[in-house]
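Engineer: Protein chains in written order, with my numbering: chain A, 96 to 445; chain B, 96 to 445; chain C, 96 to 445; chain D, 96 to 445.
Where hints are given, some of them may not hold.
The list treats identical chains as interchangeable, and a pair is accepted whether it falls inside one copy or across any two copies.
[Said to hold, decoys possible] Calculated pairs, BS3-like style, for lysine-lysine (alpha carbon to alpha carbon, straight line, at most 27 Å):
id	residue 1	residue 2
1	378	410
2	378	350
3	325	410
4	378	320
5	378	137
6	319	429
7	429	325
8	320	137
9	350	429
10	410	350
Derived by calculation from the structure, the hints in this document are not laboratory data.
The residues making up each chain are set out below.
4 protein chains.
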Amino acid sequence: MQAAVMFGYNDLRVTEMPVPRPGPDEVLIRVQACAICGTDPKIVAHGWPNNPPFGQYIPGHEYAGTIVALGEGIADYQVGDRVAVEPHKGCGHCENCIRGFYTTCLNYGNLAAGHRHYGFTVNGGYAEYAVNHVNTLHRIPESLSFDEATLITTAGTAQYGITRIGGVRVGETVVVSGPGPIGLMAAQLVKAEGAGRVILTGTRQERLDLGVELRAADITINIKKQDVVKEVFSLTNGVGADLVIECAGTAEAAKDAVEFTRKNGRVALIGIYQGDIPINLNKVVQWNMTLAGGKAEGDWSLRRVLPLLADGRVKAGPLITHRFPLREINQGIKTFVGREGGAIKVVIHP
Amino acid sequence: MQAAVMFGYNDLRVTEMPVPRPGPDEVLIRVQACAICGTDPKIVAHGWPNNPPFGQYIPGHEYAGTIVALGEGIADYQVGDRVAVEPHKGCGHCENCIRGFYTTCLNYGNLAAGHRHYGFTVNGGYAEYAVNHVNTLHRIPESLSFDEATLITTAGTAQYGITRIGGVRVGETVVVSGPGPIGLMAAQLVKAEGAGRVILTGTRQERLDLGVELRAADITINIKKQDVVKEVFSLTNGVGADLVIECAGTAEAAKDAVEFTRKNGRVALIGIYQGDIPINLNKVVQWNMTLAGGKAEGDWSLRRVLPLLADGRVKAGPLITHRFPLREINQGIKTFVGREGGAIKVVIHP
Amino acid sequence: MQAAVMFGYNDLRVTEMPVPRPGPDEVLIRVQACAICGTDPKIVAHGWPNNPPFGQYIPGHEYAGTIVALGEGIADYQVGDRVAVEPHKGCGHCENCIRGFYTTCLNYGNLAAGHRHYGFTVNGGYAEYAVNHVNTLHRIPESLSFDEATLITTAGTAQYGITRIGGVRVGETVVVSGPGPIGLMAAQLVKAEGAGRVILTGTRQERLDLGVELRAADITINIKKQDVVKEVFSLTNGVGADLVIECAGTAEAAKDAVEFTRKNGRVALIGIYQGDIPINLNKVVQWNMTLAGGKAEGDWSLRRVLPLLADGRVKAGPLITHRFPLREINQGIKTFVGREGGAIKVVIHP
Amino acid sequence: MQAAVMFGYNDLRVTEMPVPRPGPDEVLIRVQACAICGTDPKIVAHGWPNNPPFGQYIPGHEYAGTIVALGEGIADYQVGDRVAVEPHKGCGHCENCIRGFYTTCLNYGNLAAGHRHYGFTVNGGYAEYAVNHVNTLHRIPESLSFDEATLITTAGTAQYGITRIGGVRVGETVVVSGPGPIGLMAAQLVKAEGAGRVILTGTRQERLDLGVELRAADITINIKKQDVVKEVFSLTNGVGADLVIECAGTAEAAKDAVEFTRKNGRVALIGIYQGDIPINLNKVVQWNMTLAGGKAEGDWSLRRVLPLLADGRVKAGPLITHRFPLREINQGIKTFVGREGGAIKVVIHP
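Given the sequences, and given the hints that come with them, work out the whole structure.
Structural biologist: Structure (structure tokens):
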């Protein structure tokens with residue numbers, strides 16, 4: 096099969112590879128689409144802890160396709176089923192897995208223990224075929240294309256952040272910070288889960304506008320043009336936001352999120368931060384705030400958001416701006432990283 | 096002023112009464128609309144524990160109007176403000192009030208301690224004027240009429256049931272049992288809060304159909320025509336409902352709710368039940384279920400659902416089928432009780 | 096090996112059986128002690144859904160012993176390790192297992208799917224040797240004997256009920272209803288987890304007294320001699336119990352539990368109930384109560400209670416009243432069922 | 096009466112003041128003891144936002160005494176009752192108060208709205224007499240002296256931090272960071288609420304040793320002598336702490352708390368931090384952690400911890416190292432600030 100293989104740092108090449116075989120509780124998938132995630136360019140540049148050896152390592156973790164073969168013990172899926180996958184499969188034996196927290200499996204990267212992180216510690220979806228454990232499969236509703244289905248993981252990740260902070264409480268004023276793919280999903284999700292008002296903040300006006308077009312954002316704040324802390328307080332009669340979903344991943348965004356949250360308010364953290372981030376911890380105490388990090392797409396979140404994607408309450412399509420065949424994957428990554436042509440989500444077709 | 100006054104059991108008369116005066120932290124409201132709630136006919140027939148003396152007792156607790164005078168200490172409201180009210184005002188001193196559970200105030204009915212239950216233990220809204228404590232006021236969005244605003248309490252009560260059972264979790268299959276005013280509000284709310292599918296069950300087809308028209312119910316089950324337990328399992332691949340909002344208030348509905356809930360599922364109870372209700376308690380244990388009763392409209396639920404009513408995600412208007420002037424209140428109650436002309440919600444105009 | 100095998104209803108015989116072999120992720124245990132649980136006599140009388148065929152079925156699910164052989168893939172245990180086991184091992188693939196609710200696995204009894212219920216759907220511990228999946232193993236602290244270790248499951252089951260209802264909140268007045276093994280564990284646990292006062296209720300004075308001797312119960316109520324509802328209200332200034340752990344499993348106890356719980360209070364249900372149980376459901380609503388069933392020992396509860404058993408905050412020893420060798424298992428069951436000689440917990444030594 | 100009055104920054108003088116009069120819902124207390132809290136020296140040095148005018152302002156907020164007069168409307172207390180007080184009394188009207196979060200009242204410092212912060216925005220307990228609202232009163236168990244009762248607020252504050260992070264889950268390994276009065280209370284509380292092991296960390300060996308003597312700490316780590324992050328991982332098989340109660344209030348302690356918490360672990364923040372604190376926010380996300388600030392003694396925590404203080408599970412006495420008469424209050428503050436003679440908690444006797 097054709098696959099994009101890492102041969103070294105910054106050396107991703109499309110080449111011929113053997114089709115993998117599904118083991119017990121696994122299926123073989125003909126990958127139809129695999130979206131580029133923000134971590135992919137980092138993997139291409141720096142690899143990933145415990146990644147497969149260079150020359151064999153196929154990244155890509157947001158993919159969807161059709162089941163073409165079943166390993167031993169698969170009872171709930173058939174050949175021909177259209178499925179999206181989630182990247183994390185816990186070991187199933189550690190305390191975190193047993194208690195349902197498989198994205199924070201204590202045996203991360205330990206293949207012998209049964210852990211899999213598709214596209215990271217085992218091969219993923221930048222290939223014509225991929226093998227996945229049954230626990231990572233989610234049937235795609237008929238109303239969704241394969242391209243759209245690659246964003247179920249994006250939606251699931253946004254959802255897990257929302258779940259981890261305790262969910263949206265009806266009528267809340269929610270700030271979603273960072274209008275990237277996860278933020279745009281988060282904005283749609285919180286609105287579809289009962290938020291009163293959604294305020295979307297960020298630096299790129301066209302992405303903010305997309306949040307409004309998606310009927311997710313009621314108000315947008317361009318933080319380059321406005322003082323976001325001041326603005327949020329102004330929009331909330333001086334009280335602050337009930338809930339913040341911080342997806343931007345910058346030090347400034349994290350700091351601001353703490354600043355414009357109300358007394359007794361909550362902040363979900365799902366960005367990727369670099370180094371120690373200075374935040375007003377005293378405000379966290381004195382304002383009785385809660386912060387929760389959300390690690391990836393835990394709690395079967397992909398399955399749970401499916402009905403909202405299926406009936407269009409949450410939309411994936413408008414986030415997909417570019418598509419490339421597998422052989423042009425490096426061009427796809429370049430487009431994604433450089434946000435060329437307003438790129439938001441770029442999908443690869445193996 | 097004109098008011099409907101209880102002169103004895105089954106003796107509600109519209110008569111002249113003095114306009115009440117707002118005390119500290121209270122306002123005087125010119126009542127524009129007061130909806131008939133299911134408890135009102137019971138009050139007319141049997142009174143209520145600790146009700147004001149006959150000859151002085153004005154019932155009615157779902158009302159909205161315009162503030163016409165301010166008592167001492169009112170800082171956040173102005174004369175002219177349009178407000179809906181909530182019936183419960185806790186004492187503010189007992190453990191439950193201090194911890195935020197004012198609808199289960201331990202000083203219920205104790206006026207000296209500061210407790211008020213408008214329309215029950217103190218006078219309510221079947222009158223041209225009513226006095227309310229500031230804690231019970233909620234400004235009406237411009238998009239809502241006074242008639243619609245009388246149903247904010249209905250929505251708030253449905254919401255509190257949902258809140259008490261832990262909220263809707265995104266994507267869940269939710270059964271709303273009983274398509275009365277509270278059930279129709281609950282169905283709209285759970286859908287607007289992220290339910291995957293909403294199944295509305297009941298006996299009156301036109302109410303079930305209304306649930307569909309409101310875009311709340313995805314599926315309806317007429318329990319007179321179908322075996323509801325069997326049907327719910329069939330619709331859920333034999334798993335059962337994730338969440339049930341039981342609003343019907345019958346023994347059969349409560350029993351069925353427990354039966355068709357899934358392993359690890361949840362049942363919110365907001366119906367009014369008579370006598371001891373036989374339920375399959377062993378299933379509650381063996382299926383790891385949670386049941387929660389929701390007492391009225393606690394947790395500031397009226398305020399929280401307002402944004403969803405304001406922008407039309409939840410609709411009150413279609414539930415209002417009849418309107419009567421105050422002098423015809425007994426006709427209004429008769430219409431409501433007998434469900435004459437398909438009556439769902441009947442609004443009185445003082 | 097010697098094992099107690101079910102040859103038919105009410106036909107449990109100690110006979111020679113082959114020593115089982117551990118498969119992947121399994122260990123072989125030399126069973127040192129296996130306690131009789133309340134379900135065992137029912138199994139002997141009526142079997143269990145999906146039990147192994149008569150002539151091969153070895154019941155017994157509360158056991159402890161020494162690991163004597165390791166199956167493939169066992170990395171965290173060694174031969175010689177002293178372990179107690181928990182009976183439930185979920186399939187690992189269904190929604191409930193993935194989300195951490197393995198005691199309510201949707202594939203209960205489906206061996207092909209990977210579910211195991213030791214002593215119920217697969218063989219258990221009334222034998223010299225037993226095989227267990229790694230997920231069901233818990234190392235025994237040095238301070239606990241094998242006999243005591245058989246009660247870790249009992250403690251874990253009580254704990255899961257407490258966990259399911261939201262845990263003890265510090266200072267609460269907790270009623271534990273039913274002073275059997277689970278109730279006596281529950282009483283100790285709630286006290287060790289911050290209960291203010293523990294009220295133990297039941298019919299057998301010597302068991303109530305044991306609750307006091309264990310320094311768990313502050314107050315006991317013999318429901319044969321006292322009106323338990325009246326008494327609980329009297330002990331709580333008319334407010335009612337904050338939390339009830341209902342372990343008695345009778346209709347009367349369940350009904351009473353609902354009656355004597357306070358406004359905004361909670362009831363954990365861990366008894367085994369027969370048929371539909373009439374309860375005051377209207378009180379559940381009007382008093383804003385929560386009820387939660389707890390299915391067995393979920394959420395890794397055995398592991399979690401271990402530190403409290405290890406340092407003596409919770410005691411297992413005083414609950415063990417009788418011990419029998421395996422060959423006298425039927426005498427052991429008779430003693431347990433008839434509560435002969437004040438039998439509480441009876442341990443079998445294979 | 097004699098009272099310690101602020102006449103300016105760093106000018107606290109004991110002088111004659113009029114005895115205050117209790118208003119409606121208030122009582123007059125003959126103060127018997129008032130403990131020095133860490134904020135008191137800061138108040139003496141810098142004042143407090145909205146403090147009463149110099150020349151009239153009496154600080155002190157951890158006090159206990161005897162009721163000597165009742166204002167209008169007091170029904171549940173009698174003259175002669177021994178009471179401890181909590182400092183915060185919410186306005187009762189704002190969203191946070193209505194929903195039970197009175198320590199984060201949105202009308203902080205607004206006396207007209209009904210908010211009171213005794214010893215901060217209104218007068219407190221460094222005086223022979225003080226007036227308190229009924230919501231702030233807690234009857235002192237007979238087993239506690241007035242001196243001990245001044246620490247109920249300390250215990251309540253520690254408890255609220257524990258409550259805010261979701262409580263202790265049975266068997267958890269809990270690190271309490273900072274062995275000051277709040278930390279020593281927190282350590283006792285978590286142990287009394289079911290912690291498996293308690294690790295107490297700090298810089299002062301004698302305070303760490305006191306944690307052991309109180310039978311709260313199982314292990315201590317002197318962070319001056321040991322690498323606390325390394326040590327916690329070593330004590331937990333490389334997994335990290337389940338729960339951290341951060342009471343130290345330093346940047347280093349906050350940073351370390353995040354570092355040594357496990358995947359899926361939790362950090363309660365109840366220290367007082369200066370400026371922005373750099374923390375590893377990416378770990379919070381990737382390790383799925385939750386952080387919660389706890390503002391003072393909310394949720395009626397004083398009342399809830401009382402039973403544990405009453406029966407000695409939590410001890411206040413050993414934390415009291417020094418006592419001074421009111422006229423020597425400045426000496427008391429100096430002793431407290433300088434930790435002279437190993438001062439931990441210093442109590443003033445008006």
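Engineer: For each hint, tell me whether it holds in the structure or not.
Structural biologist: Hint by hint, here is what the structure shows:
For the homomeric pair residue 378 and residue 410, neither the shortest alpha-carbon distance inside one copy (36 Å) nor that between copies (30 Å) is at most 27 Å. Taking the shortest Cα distances, residue 378 and residue 350 sit within 27 Å of each other both inside one copy (11 Å) and across copies (16 Å). For the homomeric pair residue 325 and residue 410, neither the shortest alpha-carbon distance inside one copy (31 Å) nor that between copies (34 Å) is at most 27 Å. Taking identical chains as interchangeable, the C-alpha atoms of residue 378 and residue 320 lie at most 27 Å apart only when both belong to the same chain, with a minimum of 25 Å there against 31 Å between chains.
For the homomeric pair residue 378 and residue 137, the shortest alpha-carbon distance between copies (18 Å) is at most 27 Å, but the shortest distance inside one copy (34 Å) is not. In the homo-oligomer, the alpha carbons of residue 319 and residue 429 lie at most 27 Å apart inside one protomer (25 Å), although the nearest pairing across protomers, at 49 Å, exceeds that limit. In this assembly of identical chains, the alpha carbons of residue 429 and residue 325 never lie at most 27 Å apart, being 36 Å within a copy and 41 Å across copies at closest. Taking identical chains as interchangeable, the C-alpha atoms of residue 320 and residue 137 are never at most 27 Å apart, the minima being 30 Å within one chain and 39 Å between chains.
In this assembly of identical chains, residue 350 and residue 429 lie within 27 Å of each other by CA distance neither inside one copy nor across copies; the values are 30 Å within and 37 Å between. For a Cα distance limit of 27 Å, the shortest separation of residue 410 from residue 350 qualifies neither inside one copy, at 30 Å, nor across copies, at 39 Å.
Hint violations for this structure: numbers 1, 3, 7, 8, 9 and 10, all remaining hints satisfied.
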